[in-house]
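As you go down the protein sequences, you meet chains W and X in turn.
Using my numbering, the first residue of the first sequence is number 1, and each one after it goes up by one.
Using my numbering, the first residue of the second sequence is number 475, and each one after it goes up by one.
In case anyone wonders, no lab produced these hints; they're calculated from the structure.
Where a beta carbon is used, it is the ideal one built from N, C-alpha and C, also for glycine.
Hints may contain errors.
Pairwise CB distance ranges (calculated) [to be verified]:
id, chain 1, residue 1, chain 2, residue 2, range
1, X, GLU595, W, GLY256, 49 to 55 Å
2, X, SER592, W, GLU416, 30 to 36 Å
3, W, LEU329, X, GLY622, 27 to 33 Å
4, W, GLU422, X, ALA611, 38 to 44 Å
5, W, GLY177, X, PRO559, 23 to 29 Å
6, W, THR158, X, PRO559, 48 to 54 Å
Listed below are the residues making up each chain.
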Amino acid sequence: MELRQVDPGVWEIPREGAMRVPGRVFATEDLIAAARDDQALRQVVNVATLPGIVVASMAMPDIHWGYGFPIGGVAATDVEAGGVISPGGVGFDICCGVRLLTSALTAEDFERHRTAIMDQLDRAIPRGLGEGAIAGKALLADVLERGAEAALDAGFGTPGDLERCEERGRSPGGDPGVISELALRRGGRQLGSLGAGNHFLEVQIVDSVHDETAAEAFGLAEGTMCVMIHCGSRGLGHQTCTDHLKVLGAAMARHGIDVPDRQLACVPVRSPEGERYLSAMNTSANFAWANRHILAHAAREAVAKALGVDPEATGMKLVYDVAHNLAKLERHVVDGAERLVCVHRKGATRALPPGHPDLPADLRPVGQPVLIPGSMGTASWVLAGQPDNPAFRSAAHGAGRLMSRKRALKVSPGREVRDELEARGISVRPGSTKLLSEEAPYAYKDVDAVVETCRLAGLARPVARLRPVGVVKG
Amino acid sequence: MMVPIEASRSGRGRRTLARGRRVGHTAVMDGRFEVLDHTADTAVRVEAPSMEGLLVVSARAMFSLMFDLASARPVSSRTVRVEAPTSEELLVDWLSSLLSWSEIDRVAYFDVAAVEVSGTEARGEVRGAPVDSLAVAGPPIKAVTYHGLQIRHAASGWEATIVFDV
């Protein structure tokens, strides 16, 4: 496969064979070298064969080998021209995403109450295999229909939260009736739980500000304590994706579609199977929006309890909640004409530019907050959407894995990883100490390089860097 | 390192099922598996002398990625039935089904007591231990993927590489 640099931070894989569009990867030389080591670039090529794909099969700077789509993959298909929707372009963890809360607390406040805050968060955040979810099953149907809005009405969170959520925390057409019995049984008891793997809740301090105006609009000042939550739709989403992959795989032949990897199973968006998947995906997304909303509420209460104050006194407010595993019907200009496209973001964050009508009034002058968590123990970043984003208004979603879990386990045991983090001033509350090594900082790429590429390629601009001081893991 | 699956446990061979009836012994369990490198997720290569064997070994492999099964004793059981047009899809559906029931029942169904593959259908009796009784060996598996899955004829019978989303 040919790979050539076309601009600073932009690489292209020219069309060949069954590719309908070229591949386009936003990366520095170091990042592209890491992607060459595994099958990630082959996956960019595979995605370029999907029916109806327009412009290019794209990948963000944190690209790495996934299943079907690469992680960091962005693909838009022309809905009215037979463009497809692929559950593999969303992933099993439908609407997995990140939520960031700012606060009225400072780094000094955190230091004074470090142990109490971490211990309260440790108790308050259900994680790992255990159910221990915060919300009862009774809320499930309403959450599936209305997402975070239902959780807010049930007493979680604070007024104004929805303004600071992508989609206002509610994906369109939520309908509990489209979710399988198995998915309901699997995920029904998990509403308000973190899960495990790379999911986390982190306490962070704003380390440096790179765009004063945007940082002020986001409520981020140097030295401010923040809480970041990374999780998704839990077993309900996993099962929904599993259910529909089977259905779409069987339906492809009827639509005359052939894909190079069964995990890329897809059907036209405008087909009965496509519409059903879209509806089930949006309904599962509502679970995820609400899940993060409920966990944020629990975190706020936990911090307040640790400080012995009323939750309102913590000043903990939502900066933004954004998904990085989702397909959405959006309007974009393609070849000079506005078209309805289905934008798949598989490990990529939506990044609306300043002035976009979907942004709340207070964010409109600066653009949408783009949340890029680093690996455990390293910095995370907040960026802002830029005009003329070249990737269907998308940016990176994280540091991107560099090392397999198997290799990471061999480098050092979890206990050593924990001790090293603690020595660096990061309090760790793991669900399993053993599993810490799989998520150790050395298993991931350098998040600062990912952010720099986002800036260089015009995907988003850096606003603030956050350093971790405490982590709650599954 | 390949992990061998014992030919029989407690001196009892596995049996195939036909409409719920015991019909005889099969040598479906002399398989093995190894964990492979995959950047983001986890992959295993499984080998077994038959399709039934692949189902047995892959179930063991999947749950051993999540739990330490060294001293696990199966105490709960469940019947699982899946249908799929190809062997590859049958394997994925089988594991997906075990994973779903595992999360619902909170039981790691690592032990396949009986299994039968008939055309496009697989039926099995699986047994397991409560997940809360087991030590964690790895992160929970979210799903079984079709990525790059191909069942190949190998010297030892059948071989497949399965990628799990974790």
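Hints and how they fare:
Distance hint check: the CB atoms of GLU595(X) and GLY256(W) are about 28 Å apart, inconsistent with the given range 49 to 55 Å. The beta-carbon spacing between SER592(X) and GLU416(W), approximately 50 Å, falls outside the hinted interval of 30 to 36 Å. Separation of LEU329(W) from GLY622(X) is about 30 Å and conforms to the stated range, judged on CB atoms against 27 to 33 Å. Between GLU422(W) and ALA611(X), the C-beta spacing of about 24 Å breaks the proposed range 38 to 44 Å.
Between GLY177(W) and PRO559(X) the beta carbon distance is about 27 Å. The supplied range of 23 to 29 Å therefore holds. Between THR158(W) and PRO559(X), the C-beta spacing of about 51 Å keeps the proposed range 48 to 54 Å intact.
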